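Asks: Could you put the whole structure together from the sequences, leaning on the hints where they help?
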Amino acid sequence: MVKAIVNFSHSKFARSFYAAFAGAALTWLLLSVAFLALNWIVDLADIAAPENAVALQGTVRLILAVLMGILGFIAGSGVLNGLWIGRFLYYAGRTALVRGLFGQGLVFAIVYFLMRDVRTIPEIESGVTQASGEAAIVLGALLSTFGFLWFSGVMTDWTLQMFGHHTELKHGGPPGEPEWLRYFNIDVNHKVIGIQYGVTGILVLLLGGALAILFRLELAFPGMQLFSTDDYNTLFSAHGMIMIAAVFLGVGALINYLAPVMIGAADMAFPRLNAFSYWIGVPAAVMLVGGMILGWDTGWVGYPPHSSSTQMLGVVLFLMGFYMNGFASIASAINLLVTVVTMRAKGMNYWRMPIFVWTAIATSIMQFSATQTVGVALSMVLLQRTMGMNFFDPSTVPPGDPVLYQHLFWFYSHPAVYVWVVPGFGLISELLPVFARKPLYGYKWVAMSSIGIALVGFIVWAHHMFTAGMPDTLRYIFMVSTMFVGIPTGVKFFSWLGTIWGGKMIYPTPMLFILGSISVFLLGGLSGPILATIPTDLHLHDSYWVVGHFHATIFGGFVFPFFGALYYWYPKITGRMYNEWLGKLHFWLMLPAFWVMSIGQMVVGLRGMRRRIADYDPALNLDFTHSLITIATLVIGWSVLIMIYNLWTSARSKELAPENPWGSRSPEWLAPSPLPEFNYLSPIEIIGEPYEYGKDEEEIYARPIPAIGD
Amino acid sequence: MAAVTIGHDDHHDDHHEHAPEIPYPVQLRSNRVGLWLFCISEIFLFAGLLAARFYLWRVSPDMVASHPAYEVEVGEILRPELSQTVGFITTAMLLVSSYYMVRAEVAAEHGHRGRMVRSLWVTFVLGLLFLLGVVIIEWGTMPELAQAITGHSPIRPTDGVFGAVLFAMTGMHAIHVTTGLIFILILIGNSRKGWYQPGRTWGVEACAIYWHYVDVVWIFFYPALYLIGTVWH
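Chains as they are written, first to last, in this note's numbering: chain A, 1 to 710; chain B, 1001 to 1233.
Fair warning: there could be bad hints in the mix.
[As the list claims (entries may be wrong)] Restraint-style ranges between C-beta atoms, simulated for each label pair:
id	chain 1	residue 1	chain 2	residue 2	range
1	B	His1112	A	Met448	44 to 50 Å
2	A	Lys695	B	Ile1175	55 to 61 Å
3	B	Gly1199	A	Ile70	54 to 60 Å
4	A	Gly127	B	Arg1118	25 to 31 Å
[What the hints assert, rightly or not] DSBU-like, lysine-lysine: derived pairs with alpha carbons at most 35 Å apart:
id	chain 1	residue 1	chain 2	residue 2
5	B	Lys1193	A	Lys170
6	A	Lys584	A	Lys654
7	A	Lys654	A	Lys504
8	A	Lys695	A	Lys584
9	A	Lys346	A	Lys584
10	A	Lys346	A	Lys170
11	A	Lys3	B	Lys1193
12	A	Lys654	A	Lys170
13	B	Lys1193	A	Lys695
Hints in this document: simulated from the structure, not taken from any laboratory. Just so it is clear, the structure is predicted and the values come from calculations on it, not from any experiment. C-beta atoms are modelled at their ideal positions from N, C-alpha and C, and glycine is treated no differently.
Replies: And the structure:
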């Protein structure tokens, strides 16, 4: 029976049907966005719109969507492949993405239709007669995740196994289809998944950046010019959460693509689970965007009592989307740890692993454990909203306590920021020796400092809550423990300086980004202890100083190293070389702009600008600095677009990149570029130390295992 | 931009390549490490719930002032009134079920399929009884029955922090028990198709580790819910 369903989902009819869905849904979506933008501009420009404009737009959208649906159904059979639109719909009907989104939409629609009149328990108890639809949204969001997973096919193998069918791991692209289609389908290869993570991450980064630019434009001048305050709240909340998702996706991309190759494995330990980790992020992202559309005004932290009582229902979808993303974090972290424990190549002992793998371990230790507690916090808010289970309202006996949420939330969310920056540190330590042509200074100390950051990260969470009403004794403890973070981080800085010291430095784009990230992270790091100290924090808490500090740490700890890594491994991933001039342009636009933005944020913070506020008093005299920050933001946005243009066009160039353009010792450069399906053409063994640059050239690190008799 | 080249022409003619074979002992080791890491991960979930229990079920300064008849101090740990009989019996059933899970595992390793399936059924029934005890009686899904057995009206999820934390903890645990029950049914179904021969019993082993793990969680939850603290009426 299960087999029959699986076969049906690959039948001609099903594929035509999915193509029809793709056409209709995409048309609907694009027109909705277009009309939204149009109405916003009409509103801003104060043009008198015709009375029936909204109804007319609705009709146009419906008719066009139905027409595109019919076109898609025809195109699904392949008869329209001569036209680009026909080809587009034909292939759309063959992607797991479209199948999954259909499943998600279908399940959500069914649940919402059945449950729309069901009131939540707080609604019943307060005597509300009209259901807000919140109960339907929560259950719909929960079940629609399963809808996505089953329809897309991530769960197919596991489901078949449950019913006693043996399933074989399928490698390679979908049979009889072009190679690129595997990037839109369920694929178990860690490199395909890594690229899926990376490309999604960059797209999400662009979306988050676009939101930031929108509300930066609002902040450039005092007074409200572009948005209502509710819209502003939604924009900054969504910017926060979407950027967090982008950084997680970037971390996933780095770890998935690099870690297995670096330890000499053919793939991750659990390839199917790896695909699951990526794909469950898609329905979660849909929920976050849905939350944005419904409106959500809690910020990315979602503190009760506001999140447990706000009437903006987008917050429910935000909580669900955040929760579902947790599954991805936990599953991929466990996968990575197991891979490192069991799949290392011959001779690859723990002290000979590339240093990035150590940071991947540290990151995974934090991800696989702490993520659970934020899940508890988020589900408590959902339970309070829908079931009336009181965790946070202090009016009962014994009283609930909103600070409980903050403890559970920050127990995860503080390690989470280390999850983002520690892989970035790993990249810095990985790339510096290559471009300084010197051994990495203090390998074991650097490796252990990553683990140290991870462990200290577990005992500092309450420094986010100095103003939340904690006992004084707890505040002192957390102030001191927070200062301890400086020790392992200091070890890293010391090692970077020691590596640079006396090196023969060369400065291609990746090296520039690595050096830039050290400077930016230094800014972020030095602005930190001021926040960790209770007396200064009481003044700076919730000010723009925090925004400046946070952006400097994440740009220095993740964004700059990530871009450096993109350029560095670009020849490995595509087999082509990027354009060096455009790469340098990207860097020299982004670094100064970032300094202006981050220092500007700290300056306005010191002068009294609160964060998460849509407007400010002209008497504060902040207009000039705010305008400067907005301009810097625009420059950063443009520089990232330059990078995307560079990476896109270089991938199509005919010229092949040199085999090992950076003269790296790392094992991934032993394999051809782009990497073959199973990484190394023959198994490798490790016979030396990883970072012996500039020493005896004969002392190699890794080599293919010689055949017997050689 | 194909990031993965397909079919290097020297030794692969067909479209599908074959992955380097992963020996069964290596895969088994991966599976074991993975499952134990999953268990460690879940510790943080249940510890979060336990933390909420000890954080919220306490005497606040207001309570001392407004209930002078109670002789309690600020910060003293509280618990709601729950039926000790129901708690004891359900806990006992869950613990006994673990014994039968061990029997099933040993039987699978020795190739005694009949005994394995019988032991799995016993585990399943005991687990189901535990689940029904929690869901029907402790949760008061059937209020009259619950009243008749426990002698007091069942606590509801909206009954302040007592109801909230009780339902969150037992609910999260019940989800795990339900998963375990489904797991057992899958084992029973697949063993009829000849799975889990001696030497290849990972499925049974995984189910057993998971089931014991859910048991151990309850060993921490049971005293936290039923035994520790002063009863607050």
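Asks: Does each hint hold? Answer for all of them.
Replies: Hints versus structure:
1. B:His1112 to A:Met448: 44 to 50 Å: holds (49 Å)
2. A:Lys695 to B:Ile1175: 55 to 61 Å: Cβ of lysine 695 of chain A to Cβ of isoleucine 1175 of chain B: about 56 Å, so the range 55 to 61 Å holds.
3. B:Gly1199 to A:Ile70: 54 to 60 Å: holds (57 Å)
4. A:Gly127 to B:Arg1118: 25 to 31 Å: violated (54 Å)
5. B:Lys1193 to A:Lys170: holds (23 Å)
6. A:Lys584 to A:Lys654: Roughly 22 Å separates the two Cα atoms, so the pair holds.
7. A:Lys654 to A:Lys504: OK: lysine 654 of chain A and lysine 504 of chain A at ~32 Å, within 35 Å.
8. A:Lys695 to A:Lys584: holds (30 Å)
9. A:Lys346 to A:Lys584: Roughly 39 Å between the alpha carbons, so the hint for lysine 346 of chain A and lysine 584 of chain A is violated.
10. A:Lys346 to A:Lys170: With a Cα-Cα distance of about 26 Å, the restraint between lysine 346 of chain A and lysine 170 of chain A holds, given a limit of 35 Å.
11. A:Lys3 to B:Lys1193: holds (16 Å)
12. A:Lys654 to A:Lys170: Answer holds: lysine 654 of chain A to lysine 170 of chain A is near 31 Å, not above 35 Å.
13. B:Lys1193 to A:Lys695: violated (61 Å)
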